[in-house]
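Q: Protein chains in written order, with the numbering used here: chain A, 1 to 481; chain B, 1 to 485; chain C, 1 to 95.
Bear in mind the hints are in silico, worked out from the structure with no lab data behind them. Mixed in with the good hints there might be a few duds.
Claimed, not checked - Computed list of lysine-lysine pairs in DSS-like fashion (alpha-carbon distance at most 27 Å, straight line): (1) C/K10 <-> A/K270; (2) C/K9 <-> C/K23; (3) A/K146 <-> C/K78.
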Amino acid sequence: MILEGKTGKWEVICGLEIHCQIISKSKIFSGASAKFGDDANQSVSFVDAGMPGMLPTLNEECVRQAVKTGLGLRAVINKYSEFSRKNYFYADLPQGYQITQFVHPIVGEGVVTIDLDDGSTKDIRIERLHIEQDAAKSIHDMSPTKSFIDLNRCGVGLMEIVTKPDFRSPEEAGAFLKKLRSIVRYLGTCDGNMNEGSMRCDASISVRPLGEDELRPRAEIKNVNSVKFAMQAIEYEAKRQVEVYENGGEIEQETRQFDATTGTTKFMRKKEFANDYRYFPEPDLPPLVLSDEFIEEIRRNLPELPDAKKVRFMETMGLTKYDASIICENKEVAEFFEQAAAGHDGKKVANWLMGDFFAMLNRKNLTIENSPVSAENLGKLVELVENNVISGKTAKDVFEIMAESGENPEKIVEEKGLKQVTDTGAIEAIVDKVIASSPDNVAAYRNGKVALRGWFVGQVMKESQGKANPQVVNELLNRKL
Amino acid sequence: MTDITKLTIAETLGGLKNKQFSATDLTKAYLKSMEDNRDLNAYVLETPEVALAQAAQSDAHYAAGTARDLEGIPLGIKDLFCTKNIRTTACSHILDNFVPQYESTVTANLFNAGAICLGKLNLDEFAMGSSTENSFFGSTINPWQYERKLVPGGSSGGSSAAVAANMCAAATATDTGGSIRQPAAFCGVTGIKPTYGRCSRYGVIAFASSLDQPGPIAKDVRDCAILLKSMAGHDVKDATSVDMKVPDFAAVIGQSVRGMKIGIPAEYRPQGLNEEMVGYWDKGIEMLRQAGAEIVDIYLPHTKYALPTYYIIAPAEVSSNLARYDGVRYGLRVDGKSLDDMYINTRSAGFGKEVKRRIMIGTYVLSAGYYDAYYRKAQKIRRLIRNDFIEAFKLCDVILTPTTPTTAFPIGDKSMSENPINMWLNDVFTVSVNLAGLPAMSLPIGLSADGLPLGLQLIGRAFDEETIFKTAAVLEKEAKFERLK
Amino acid sequence: MAIDTQMVKKIAFLSHLKVEDDKIAGTAQEFDKILDWVGQLSEVDTTDVRPLSAVNDIDLICRKDEVTEGNQADKILKNAPVAEYDYFVVPKVVE
């Protein structure tokens, strides 16, 4: 995105930091459950509560999930990593420090390819991924004078993914967030639900006159917790900064908060007042050393990721790049598609999926997992059309019945007698009848009024109650007119 | 019958087994001794009900022939070990009335071996100090020459005083810079700081995590060996505990030291070191030589940097470890208008002077701009100190040094209360061992001219406590030190 | 490195400890002495020396992903100075 200012063109520079809650049974440093929807303070161990003398122990699954995600980001896996303490006081931080990774993260540099609306792609560089513990989540609006602290979320494993400042527009950042969400969902390492806070995003934004090389001071925008908000925040913040510069002002490094109701960002604190976190190596946890076998085993069992699936769908199932991108964004959709398309024309299945099928889900407010139309039945429906058993038009009606009843399309066609007539003799009789009963139109057609052809087709279809195979009708009309 | 509280653990186990007395008799005798000696202020909490209930169980075990390793042995527990349903305070105001809902691994190991909990012992607040004067409950008094009101050493001063005064058969203790060895030396008892990772730190209130190590203080070398065997062992709940077989430490007692090499570090004999101390050190060297050991000179060139290194690393960890005391989840709370006010009011009222001093120094050395000059520098020197020992142990099997530069000093000593560094100098011979993670024992070697105990320190290779026990037993036998009666 | 009163205030703030106004100068002096004393470390050449943070040279052993603790809000809240409806309660936090 290039911003047109009063003084010239401006470029926006943006990097993202994304916190992903790790899918695991227990917390990263304790044996309490990582599901935290329970009653207050029930999913809490003495370690999470920062009780005196308690010590952290590292959950193997969190390590595995981080490595898996690292491989999904095509990143370097660091066989040696260390934990550090980040020290600050906060009600949601019982230990008075967060156990995180600082100098030696578990995952190093990687790359994510994003798909842009114009069909192009761009590589976004990943700086690092490290693992750490989540903070508690408290209630601040239950009383005018008190806050209520619930430690259930405290200690759930997080992956913090940091990108290089590679984004040049809100669209790129949005595409990245969608792609990252898609990757972690494919991997099963994070559920990616931004609205529930299991994936949270901060954006660092600066602007500079187009052509300038230096990076200018940036603002960090906290908690832009949806793709839409992230894009809005970047757009607003970039414009704000340009305005400040063009009015002779300066941008200082600062932290700002996104306000979703107004779509604006507001000042939180200056960098110089930011906490001095006093990171130092966590003395309770020795260094984490991963073996080649451990990493290789994860690599071997890595599922097919969206990019690879997309290419395969394009190459072997005849999808266009656009269709493949849409279908592969969501793992469940891709799996549904693959199941539905087995043995059928992939492109036609894709058209159905992205047309009537998604419209139906939207209308019914359903997700693909609880769709009344199964993948198998959608495949069968496409097959019925392919085999000329029903027409495309009839198929739409059959689909609506399937969406209501969940029935097998073959059964519906059978029971309702919707099978189209392909018996040339039967159709020929109808064609003959139509020709015989409208000599005027036949004469006009033969005198060059070719537009009448559609009228003949319509009459034949009407006579056959829509069951005549249109191809056969056309052939017969060609011959007889 | 002689006073059964004067017996060692080994003797006591014999008496219990032979039904000379019951665990209940024994426990009552100790409870009586605790009552008689309350003016020493060694216990900050007595738990007679718990003790008598455990004693009854021990008697049942003896009757059933299912006695465990420490069946019926009454112990005092340093109030830094969390004990389930028994108030645990680290002798800090900030942990007022804290009752843990969990048990430390070390105390669990001891109680599972049949040991009895007599109560919780005094210490310097959060184990920071060398005299127990920093305890919120007031100083413990050294049982030697009670009328002189001397310190018992620290931080495990309650432990050493209670053992010396026969107020428990033995005690748990912890050692971060000398907190087992210095009080053991001051009170004429024996204590060992095991190798870092030998005993679990789970449930031991943290002071400086990379240095802290639990261990026993007992009446003699054999008792230390017996206790350590039960305390030690790999614990999955402490990632820094080491998965190593725990040997039967007592089995080496009585073995010869003939042919062993005893290292004597030149750096531990600075100009102006207490003449009596030097005399006893030389005497110890002579005893081992007589026993057939070879005496070798070794060098630990970075010794003089150990204390300053320690006083960067330990406070840094303290500043972080003690951040959790904020008045929210347990302990003292002093209200305030805002959350930050509440934190500040609570922490300012709850921590004592020395603890605050260390929190602030630690905060400083970790803060932006100073980390490299202080903390990182100290970590590097810590490696040099450890390397010194690695080199030295190529030349010798065990190192013999004094434990402390002096004997016990009076409570309220001006030079120490006015200048913290003077107090810290108490640990000058002990801190290197913590920085290097090595095992070391202090055992009494004799009395000064004015009748106060002096201790010698034996330092071993990592996970070679056995050599220490073997050597210490020889010295103990030769020294014929008489415990308080 | 001279410690000034500003630095004492900053350290006190980061430590969440109060240093009374009349104690600031004395504290600064005391810290100066201590830092001067630990400053002797600067005489040691530590070029090429790796910092030592874990003394016992072991690698981290991970725990299996199992839920072993929970449903114990009573124990977690047992020592709470103030608790209501199974929550810890603190003065209102303004976000």
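Q: Indicate, hint by hint, whether the structure satisfies it.
A: Results for each hint:
1. Between C/K10 and A/K270 the CA atoms are separated by roughly 16 Å; this keeps the pair inside 27 Å, and the hint holds.
2. As the CA atoms of C/K9 and C/K23 are separated by approximately 11 Å, the hinted pair is consistent with the 27 Å bound.
3. For a cut-off of 27 Å, the pair hint linking A/K146 to C/K78 stands: about 20 Å separates their Cα positions.
Hint check: no violations occur; every hint is consistent with the structure.
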